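2 protein chains.
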Amino acid sequence: MTSNIYIGLVHHPIYDKRKEVVATAVTNFDIHDIARCAKTFGAGGFFIITPLESQIQLVERVIRHWVEGTGAVYNPTRKECFSLVRVTRTIDEADREISNLWQRRVKRVATGATPHPKSIGFEILRELLGDRDTPFLILFGTGWGLTQEVKDSSDYVLAPIEGKGYNHLSVRSAVAIILDRLLGDRMSG
Amino acid sequence: MTSNIYIGLVHHPIYDKRKEVVATAVTNFDIHDIARCAKTFGAGGFFIITPLESQIQLVERVIRHWVEGTGAVYNPTRKECFSLVRVTRTIDEADREISNLWQRRVKRVATGATPHPKSIGFEILRELLGDRDTPFLILFGTGWGLTQEVKDSSDYVLAPIEGKGYNHLSVRSAVAIILDRLLGDRMSG
Chain V
21 MTSNIYIGLV HHPIYDKRKE VVATAVTNFD IHDIARCAKT FGAGGFFIIT
71 PLESQIQLVE RVIRHWVEGT GAVYNPTRKE CFSLVRVTRT IDEADREISN
121 LWQRRVKRVA TGATPHPKSI GFEILRELLG DRDTPFLILF GTGWGLTQEV
171 KDSSDYVLAP IEGKGYNHLS VRSAVAIILD RLLGDRMSG
Chain X
21 MTSNIYIGLV HHPIYDKRKE VVATAVTNFD IHDIARCAKT FGAGGFFIIT
71 PLESQIQLVE RVIRHWVEGT GAVYNPTRKE CFSLVRVTRT IDEADREISN
121 LWQRRVKRVA TGATPHPKSI GFEILRELLG DRDTPFLILF GTGWGLTQEV
171 KDSSDYVLAP IEGKGYNHLS VRSAVAIILD RLLGDRMSG
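Residue numbers (my numbering), protein chains in the order written: chain V, 21 to 209; chain X, 21 to 209.
For the record, the hints were derived by calculation from the structure and aren't laboratory data.
Given the structure is predicted, the values throughout are model-derived calculations rather than measurements.
Dumping the calculated EDC-like pairs for lysine to aspartate or glutamate here, alpha-carbon to alpha-carbon at most 20 Å: (1) 184(V) with 147(X); (2) 37(V) with 100(X); (3) 184(X) with 100(V); (4) 184(V) with 151(X); (5) 184(V) with 205(X); (6) 184(X) with 147(V); (7) 37(X) with 100(V).
Here are the in silico distance ranges between beta carbons for each label pair: (8) 73(V) with 141(X): 47 to 53 Å; (9) 186(X) with 88(V): 17 to 23 Å; (10) 95(X) with 74(V): 24 to 30 Å; (11) 90(V) with 144(X): 40 to 46 Å; (12) 205(X) with 45(V): 31 to 37 Å; (13) 45(V) with 96(X): 21 to 27 Å; (14) 134(X) with 48(V): 23 to 29 Å; (15) 73(V) with 205(X): 41 to 47 Å; (16) 147(V) with 81(X): 45 to 51 Å.
Ideal placement from N, C-alpha and C gives every residue a C-beta, glycine not left out.
Use the sequences and the hints to build the structure in full.
Here it is, written out as structure tokens:
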């Protein structure tokens, strides 16, 4: 059965250090680490969202290398997880791909390192995701995070990961922890 | 109060793809991502373990850049987490540094993607770590993982992260998930 949970890694619109809205470059480690997490926790797909033509071509080349090229022979487990990776120009485009597949409205979940008035906890979102008839797109921001507008227009905003007074995880680590909390096997330990 | 939990990222002895014992090169993303996780979850220190002189010098240069150099000004939050990073040539050397500080024997915990006869679950280890008078060194293997010998000689081996039939996380993702499961705030959600 296809998973109803999709991941979106947003390279625009996001903030930079000075809180200006920018487009970041795609980081190769993000593609690999997050694709491997997506496969580990059984996500339905992983969208790399970037409007920059050069970046789209780069990511498509990386995907081809691991899915069809010499990478697929060198490391077949990488082929498996890369088959989940897609590239879209906007969040809406990723959303449309999912809603076309499901013939249903996609519920969007924004994530981030700071609280938001409509933040919900991990246990609540874990339960919501259990509605297997509804597709969910969980959005992660690169750079200094998703814009306020993306958060405000999402159906849900997930509470931040609470550290011991330090709140600066990489997006790769945040995705790993959040997928484990939302989809990981709670009985294993 | 100083945390009793230390992280060791082992570049030797570990296996390569053909199960030969090798020394891997240090990956810059590992240093950053794991240092940020260590700080987030309140670890006492993060040891990068490599016997290669060129790698030791490289890591020391990276640490200096972020703790004292221009990196410390550019990104002060990176300075904070890099102050946890140390380099040692062997696991024993990391162990000695910790036992000298604590004047106690260090308990070693090995991690890995496959089960081991003496594997213990996450909840059990979480409880053990609650003994704040005992220092723990949690070891993570780069490449294709820690050698059998390292696992056999550890006090504990942690159960693997169970995925949905896919078991190939990056070491960066594994550290993030394991620290969250062992040290994360279980009430936040």
